[in-house]
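**Q** Each chain, letter by letter, is given below.
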Amino acid sequence: QKEVEQDPGPLSVPEGAIVSLNCTYSNSAFQYFMWYRQYSRKGPELLMYTYSSGNKEDGRFTAQVDKSSKYISLFIRDSQPSDSATYLCAMKDGGATNKLIFGTGTLLAVQP
Amino acid sequence: EAGVVQSPRYKIIEKKQPVAFWCNPISGHNTLYWYLQNLGQGPELLIRYENEEAVDDSQLPKDRFSAERLKGVDSTLKIQPAELGDSAVYLCASSLDVNHEQYFGPGTRLTVT
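First to last, the sequence lines map onto chains A and B.
Residues 11 to 122 (my numbering) make up the first sequence, in order.
Residues 11 to 123 (my numbering) make up the second sequence, in order.
These aren't lab readings, by the way, just hints derived from the structure by calculation.
Every residue, glycine too, gets a C-beta built ideally from N, C-alpha and C.
Hints are supplied without guarantee of correctness; some may be wrong.
Claimed, not checked - What the simulated footprint calls covered on chain B by chain A, stretch by stretch (three residues with Cβ under 8 Å from a Cβ of chain A suffice, anywhere in the stretch; the number is not a length):
(1) 43-52
(2) 88-97
(3) 103-109
To be verified - Using 27 Å as the maximum straight-line C-alpha spacing, the simulated DSS-like pairs for lysine-lysine come out as follows:
(4) A:Lys-109 to A:Lys-12
(5) A:Lys-12 to B:Lys-21
(6) A:Lys-52 to A:Lys-66
(7) B:Lys-26 to A:Lys-109
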C-alpha cells in the first residue's frame, strides 16, 4: 500500500463548477500538507501549504486537512479552463529530511 | 525573481549512452533536490543536497546514477549507462533551507531508445 493515495482521474467538469480533489494517507506522522498544480510539460507549482488539521483559503482555492481521518482535500470554486492541469497532493512529517511524499496526481479538465 | 532553471528540457539518447542534466536553483536557496517523475506518477526524491553536501541519497541508484553540487550552487545529475527504464522526467527543486517550501524547475524529459 502506498503512503499517499490519490485518484488519478481524469476528472472533467464544466466551467464554473466546484471541484473537489482528495488524498488519503497512512502515515500518522505527516504534519505538513501541500497541493501542487502541474501543467503539461511543466514542473509542479506550489498552490497551498497547510500545517496540521484545519482549513486554509486562498482566493478560489480552499485546502482542508482532517488528520483524524488521514484525509486532505482541495476545493476549487468557480473553476476556469485555465485550472485544467494535474493536481498533486504532497506531505511530509516535519522531520530533518523535509522529504515530500507525493500522490500520483489527479488530472482535471475544465470544459468551457 | 528567476525560478529554478534546468537544461536541457528534452533529451533523446540510445540505451547504454551517458546523459547529464543540469540545474541552477533559485538564488540563495541552500537546499537542492533531484526528483524522478514517471508518467502518471508523482515525483520521487532521488537525492537532496544541503549546500554542497549530499545528505539524503538513499533513493539514488548508485550503480548508474551520480550527482554533484560543486560550490553549493549548480548541480548535475548523470546517468551512465542509461537504460530503457530511465525514460522519465527529471525534476530539480530548491528551497531556502530544509524547513521551507520547495520550488520546482520545468524538468528534463529523458527518452531512452
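**Q** Quick check: the stretch 43-52 of chain B, covered by chain A? Criterion 3+ residues, Cβ under 8 Å.
**A** holds (count 3)
**Q** Between Lys-12 (chain A) and Lys-21 (chain B), does the CA-CA distance stay at or below 27 Å?
**A** violated (30 Å)
**Q** Taking only the CA atoms, is the gap from Lys-26 (chain B) to Lys-109 (chain A) under or equal to 27 Å?
**A** violated (31 Å)
**Q** Report holds or violated for chain A covering the stretch 88-97 of chain B, Cβ cut-off 8 Å, minimum 3 residues.
**A** violated (count 0)
**Q** For the stretch 103-109 of chain B, do at least 3 residues have a Cβ located nearer than 8 Å to some Cβ of chain A?
**A** holds (count 4)
**Q** Holds or violated: Lys-109 (chain A) with Lys-12 (chain A), Cα cutoff 27 Å?
**A** holds (15 Å)
**Q** If you draw a straight line from the CA of Lys-52 (chain A) to the CA of Lys-66 (chain A), is it 27 Å or shorter?
**A** holds (25 Å)
Hint compliance for this structure: hints 2, 5, 7 are not met, and every other hint is.
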